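There are 2 protein chains.
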Amino acid sequence: MARLVASDPAFQKDNRSRLGRKELFKNTLRKATYAWKRIIELRLTEEEAGRLRFFVDEPAFTDLHWGMFVPAIKGQGTEEQQQKWLPLAYKMQIIGCYAQTELGHGSNVQGLETTATFDPDKDEFVIHSPTLTSSKWWPGGLGKVSTHAVVYARLITNGEEHGVHGFIVQLRSLDDHMPLPGITIGDIGMKFGNGAYNTMDNGVLTFDHVRIPRNQMLMRVFQVTREGKCVQSNVPRQLIYGTMVFVRQTIVADASSALSRAVCIATRYSAVRRQFGSQDGVETQVIDYKTQQNRLFPLLASAYAFRFVGEWLKWLYTDVTQRLQANDFSTLPEAHACTAGLKSLTTTATADAIEECRKLCGGHGYLCASGLPELFAVYVPACTYEGDNVVLLLQVARFLVKTVSQLGSGKEPIGTTAYLGRVQDLMQCHCEVQTAEDWLKPSVMLEAFEARSARMCVARAQNLSKFANPEDGFAELSADLVEAAVAHCQLIVVSKFFDKLQQDIPGNGVKQQLQNLCYIYALNLLHKHLGDFLSTGCITPKQASLANDQLRSLYSQVRPNAIALVDAFNYTDHYLGSVLGRYDGNVYPKLYEEAWKDPLNDSVLPDGYNEYIRPMLKQQLHNARL
Amino acid sequence: MARLVASDPAFQKDNRSRLGRKELFKNTLRKATYAWKRIIELRLTEEEAGRLRFFVDEPAFTDLHWGMFVPAIKGQGTEEQQQKWLPLAYKMQIIGCYAQTELGHGSNVQGLETTATFDPDKDEFVIHSPTLTSSKWWPGGLGKVSTHAVVYARLITNGEEHGVHGFIVQLRSLDDHMPLPGITIGDIGMKFGNGAYNTMDNGVLTFDHVRIPRNQMLMRVFQVTREGKCVQSNVPRQLIYGTMVFVRQTIVADASSALSRAVCIATRYSAVRRQFGSQDGVETQVIDYKTQQNRLFPLLASAYAFRFVGEWLKWLYTDVTQRLQANDFSTLPEAHACTAGLKSLTTTATADAIEECRKLCGGHGYLCASGLPELFAVYVPACTYEGDNVVLLLQVARFLVKTVSQLGSGKEPIGTTAYLGRVQDLMQCHCEVQTAEDWLKPSVMLEAFEARSARMCVARAQNLSKFANPEDGFAELSADLVEAAVAHCQLIVVSKFFDKLQQDIPGNGVKQQLQNLCYIYALNLLHKHLGDFLSTGCITPKQASLANDQLRSLYSQVRPNAIALVDAFNYTDHYLGSVLGRYDGNVYPKLYEEAWKDPLNDSVLPDGYNEYIRPMLKQQLHNARL
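Just so you know, the sequences run in chain order A and B.
End of the first sequence sits at 626 in the UniProt record's numbering; the numbers just go up one at a time, nothing left out.
End of the second sequence sits at 626 in the UniProt record's numbering; the numbers just go up one at a time, nothing left out.
Everything labelled a hint here was simulated from the structure, so no lab data went into it.
Keep in mind it's a predicted model, so treat the numbers as computed, not measured.
Hints may contain errors.
The list cannot tell twin chains apart, which means a pair is met if one copy fits it or any two copies do.
Mimicking EDC-like on lysine to aspartate or glutamate, the simulated pairs with C-alpha atoms at most 20 Å apart in a straight line are [unchecked claim]:
| no. | residue 1 | residue 2 |
| --- | --- | --- |
| 1 | K290 | D480 |
| 2 | K618 | E41 |
| 3 | K466 | E476 |
| 4 | K590 | E611 |
| 5 | K22 | E432 |
| 6 | K22 | E594 |
| 7 | K528 | E356 |
| 8 | K314 | D254 |
| 9 | K528 | E447 |
| 10 | K37 | D328 |
| 11 | K590 | D438 |
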């Protein structure tokens with residue numbers, strides 16, 4: 001699929017940073033429509049179509065249509081609703097988006113202000129925006145394209161509020177695409193970066209008493225009857241957590257792929273670029289500098305680590321789904337906390353890592369031609385959407401504190417928190433490391449990470465217990481609690497990496513290289529969070545110093561394989577989108593070539609020479625057109 | 001000057017992110033020329049003119065003309081050269097840039113490939129680009145505007161190389177602005193972000209045997225005679241280090257101002273924005289959350305810390321200059337290391353902090369209207385230019401190791417390294433903190449930072465001494481050495497903050513607030529680098545925990561004054577350039593208003609509706625124009 005996209009000139013993307021907003025957006029409409037045409041011509045399955053859109057690598061309204069609108073109807077719509085709306089959506093006879101966040105509310109979904117008031121006389125809901133801050137704000141695909149939306153609003157029947165629910169609302173005429181009466185829609189304007197999310201029409205939407213039939217409320221779990229009575233269906237509400245596990249699992253997989261792109265670019269260019277250290281007249285490849293390795297290789301290790309934890313999350317989602325179908329909700333809270341934490345951990349690390357990779361490319365990383373500025377700008381929203389990363393860590397912390405408080409009550413911690421069942425041992429254990437090589441034992445490393453996390457959780461729980469009101473304590477100590485959550489999530493990633501190494505891994509010497517990366521990932525975290533490990537007494541300063549020695553030695557072992565390890569991601573030059581990261585290493589001639597494509601080079605004299613520069617040079621400012 | 005710029009509609013900048021490259025660049029040419037006209041009309045001094053350009057807040061060719069071209073001629077030109085060229089430059093009858101970096105060389109200036117070969121027959125230099133990678137690449141103002149450049153090239157006379165020197169080269173005709181024979185120039189293309197540095201014509205330049213008269217080599221410190229002989233003048237070469245101290249001092253001041261802008265935006269918006277925690281129906285201001293305070297207030301403290309260390313650096317530059325004039329070079333190495341380290345520390349921290357402030361604004365921080373995306377994109381090059389931040393820290397580390405190795409030799413460490421003279425005490429001292437309040441003693445805090453830095457320096461020096469070849473050791477341990485350099489630089493910032501608090505500070509209660517910020521700055525660093533403090537035994541885990549308690553208490557004390565502390569930066573809304581950071585707090589109506597200005601909102605139907613969207617919806621893809 002990657003090759004199919006790469007070989008089709010219609011999917012060219014290297015001009016993206018040079019286009020103005022209108023041109024850029026029109027170009028995206030063309031690509032999305034063309035992609036749809038190809039999907040039909042090639043009779044692709046839904047999954048294949050998704051892969052094709054992935055490699056087209058340009059945010060578009062279709063992402064929301066397929067990724068949010070269709071799943072919302074599938075997950076929250078009744079059988080009849082699905083039968084009515086899904087065929088239209090599958091054929092793109094309607095285009096939908098997901099209108100949840102408002103100008104004044106994002107994280108706090110229960111605080112949304114848009115109202116849906118039931119009018120029993122007409123059997124209709126009246127959708128209304130009572131305040132400026134209730135304007136829907138941010139939904140992708142809304143601004144210029146979508147004909148329909150799933151709109152979230154406070155349900156009001158008989159003057160009473162019944163929480164926030166989803167409603168299918170038609171926004172634009174299917175005849176002439178004009179907004180329907182009572183509906184005001186527009187684009188919310190430019191976002192971070194060149195190209196990036198400016199290909200998307202994130203929109204603003206207000207309703208002035210817009211009426212929809214009662215049967216357009218999504219009623220799978222909660223119904224409003226003809227009389228305006230509210231009825232909870234027997235479908236378990238927990239199902240929505242299953243969806244969250246799914247969405248966040250895809251976000252972790254996306255983190256791994258964004259990070260591996262950035263690392264691939266930085267690693268390849270670090271091998272091409274030479275600077276200083278002239279020996280025999282040839283300068284040193286910058287990848288040979290320890291300072292470069294010390295910043296780059298842990299990111300390479302993270303790219304692999306996130307990939308493996310992402311694969312595991314796929315399994316977890318399957319497991320959760322099967323249990324839900326069997327009405328077994330027992331693993332849901334742990335699975336939910338785990339995916340929330342991993343979403344937060346991997347997206348924060350990836351956003352920071354992309355920018356670090358850009359800096360690792362020196363000055364040229366600042367050029368759009370390096371691909372890194374756009375990769376960063378298009379990636380960073382992942383830290384905010386689908387749960388703000390700090391808010392998510394607080395959820396994880398809440399779960400951990402609860403788990404610790406229930407220890408000994410007979411309720412055994414499960415899954416990724418199972419180690420807390422061994423809390424007695426973990427509070428007392430002593431790290432056995434005496435030489436640098438001792439750090440290369442999985443049991444030693446895992447115990448250090450488990451002890452650190454367990455001790456931090458227990459200490460936080462103890463501090464919380466000093467507060468009369470637990471909620472006051474939680475608010476006051478929230479920054480500390482976040483750190484415990486991070487420690488727990490890092491342990492998950494490390495342990496899933498070790499699990500992966502237990503499996504059969506084909507290819508001569510591949511396992512050894514992955515092992516090196518696993519230890520680099522863990523030892524780098526240990527160094528970065530050394531305060532945690534030392535203050536909890538999990539390791540000694542001497543052992544920390546040995547860990548550093550081992551880390552340096554691992555860098556030397558990874559160095560000869562670094563290029564192979566990024567080539568293994570198997571990205572086409574099209575998908576990578578970076579002159580610095582070209583597979584053939586032919587960086588400088590191509591960078592030179594690329595420069596001339598800038599619009600400023602269309603003419604020798606720049607627009608404005610006669611009006612501004614010439615009068616200045618000629619001391620005739622009175623002639624300047626100012 | 002800020003008000004003058006803000007009140008003049010010609011300097012409006014809020015449309016910048018929406019303009020295509022050509023329009024954007026032309027707009028900058030207009031503003032720069034208009035600014036020059038105002039400078040003349042108002043008879044501004046050079047310093048006032050610089051302030052005006054600062055508040056216009058748009059990178060332009062004039063920055064390089066005044067900031068690099070003129071100073072290069074002043075610093076490296078002979079008396080005659082200055083008399084010939086400076087009057088032309090002062091009147092902008094010529095426009096100059098600074099052509100040093102090449103496609104293949106940035107950090108390693110001695111590796112530049114452009115050649116300047118003396119031809120004794122014609123008494124000329126032949127400037128030539130022998131390779132593709134020798135193309136000048138990056139110089140601002142070069143691509144489309146400059147008529148002249150100071151070009152750095154390898155001097156060759158009589159077949160011998162004599163290092164890299166500067167040459168004044170005319171690039172474009174003063175009649176019609178066309179490039180002169182043998183000269184190829186263009187723009188290097190789009191850079192990170194909307195607006196940002198895309199207002200600048202960073203350029204590419206190659207020479208095909210371009211001839212210039214001998215007297216256009218800048219000959220203040222090194223001369224080539226009519227016969228092609230090289231003569232070192234009696235002007236001390238150390239003068240160039242004085243210039244470096246000056247340039248880096250301005251970079252630290254710029255870091256403080258960029259950081260304070262970001263913090264001002266994030267702090268004000270954190271007070272406007274409410275989310276969750278509904279009490280009496282009103283949600284909590286996000287600035288009241290400890291997680292928000294824990295991320296935001298250390299950045300507010302850093303903004304003040306960098307301002308004060310910047311003021312001190314100004315004094316240091318004056319001191320160094322006076323000593324140089326008296327032929328006293330004794331303080332130069334220490335001053336050089338100190339400014340290199342502070343440049344690195346403050347720019348890295350500021351770049352990270354701007355992005356953190358963006359995230360602290362939630363989803364809306366991703367809109368260009370927040371001002372933060374452009375602030376980030378325009379700021380990050382500071383981490384790379386004028387010395388890559390990691391390369392600079394290695395220079396600091398080298399100086400520290402040398403200082404430590406000379407202890408006891410009778411050569412007393414001076415200035416910011418004076419504390420290393422007390423290394424014996426610092427290796428043994430014990431932190432006296434027993435209560436959280438004990439951390440509020442300057443002597444306790446300073447000793448902890450001094451002990452940490454001293455012990456890290458000594459440990460690194462000891463590790464280095466185990467290597468037979470010191471250079472091999474330096475390369476192998478470079479990542480560790482960088483950490484010691486960071487510890488040393490953080491100590492400088494902390495101690496200069498304490499020094500500031502020793503001074504008279506007007507305003508009721510102002511000193512108390514600054515004191516709180518000083519402790520927040522130091523305690524936050526202590527927490528972030530806890531591994532350093534614990535592994536060197538400077539503090540105990542218990543003391544670390546007390547430090548955290550104190551930090552939380554300080555957050556509560558800063559909270560009621562947070563808005564006043566950012567209002568004190570006294571930025572106009574024009575300069576701040578952020579809807580989220582508006583002084584009047586009227587965020588949401590203005591955000592809504594701003595959205596409609598996007599080009600996509602020029603028409604109800606988007607460009608491309610008829611060609612792409614309609615055929616898709618109507619199932620008539622054969623009609624689409626693909």
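Hint check:
In this assembly of identical chains, K290 and D480 lie within 20 Å of each other by CA distance solely across copies; the values are 10 Å between and 33 Å within a copy. In this assembly of identical chains, the alpha carbons of K618 and E41 lie at most 20 Å apart only when taken from different copies (17 Å versus 62 Å within one copy). Taking identical chains as interchangeable, the C-alpha atoms of K466 and E476 lie at most 20 Å apart only when both belong to the same chain, with a minimum of 12 Å there against 48 Å between chains. In this homomeric assembly, K590 and E611 never come within 20 Å of each other (Cα to Cα): the closest approach is 34 Å inside a single copy and 34 Å across copies.
Neither within a single protomer nor between protomers do K22 and E432 lie at most 20 Å apart by alpha-carbon distance, with minima of 63 Å and 64 Å respectively. In this homomeric assembly, K22 and E594 come within 20 Å of each other (Cα to Cα) only across copies, at 17 Å, whereas the closest approach inside a single copy is 23 Å. Proximity of K528 and E356 under a CA criterion of 20 Å is satisfied in both settings, with 15 Å inside one chain copy and 19 Å between copies. Proximity of K314 to D254 under the C-alpha cut-off of 20 Å is restricted to the intra-copy arrangement: shortest distance 13 Å within a copy versus 47 Å between copies.
Taking the shortest alpha-carbon separations for K528 and E447, only the intra-copy value of 18 Å comes in at or below 20 Å, while the best inter-copy value is 23 Å. When the C-alpha separation of K37 and D328 is checked against a cutoff of 20 Å, the pair qualifies neither within a copy, at 42 Å, nor between copies, at 76 Å. In this homomeric assembly, K590 and D438 never come within 20 Å of each other (Cα to Cα): the closest approach is 47 Å inside a single copy and 60 Å across copies.
Going down the numbered hints, you'll see the structure goes against 4, 5, 10, 11, while the others check out.
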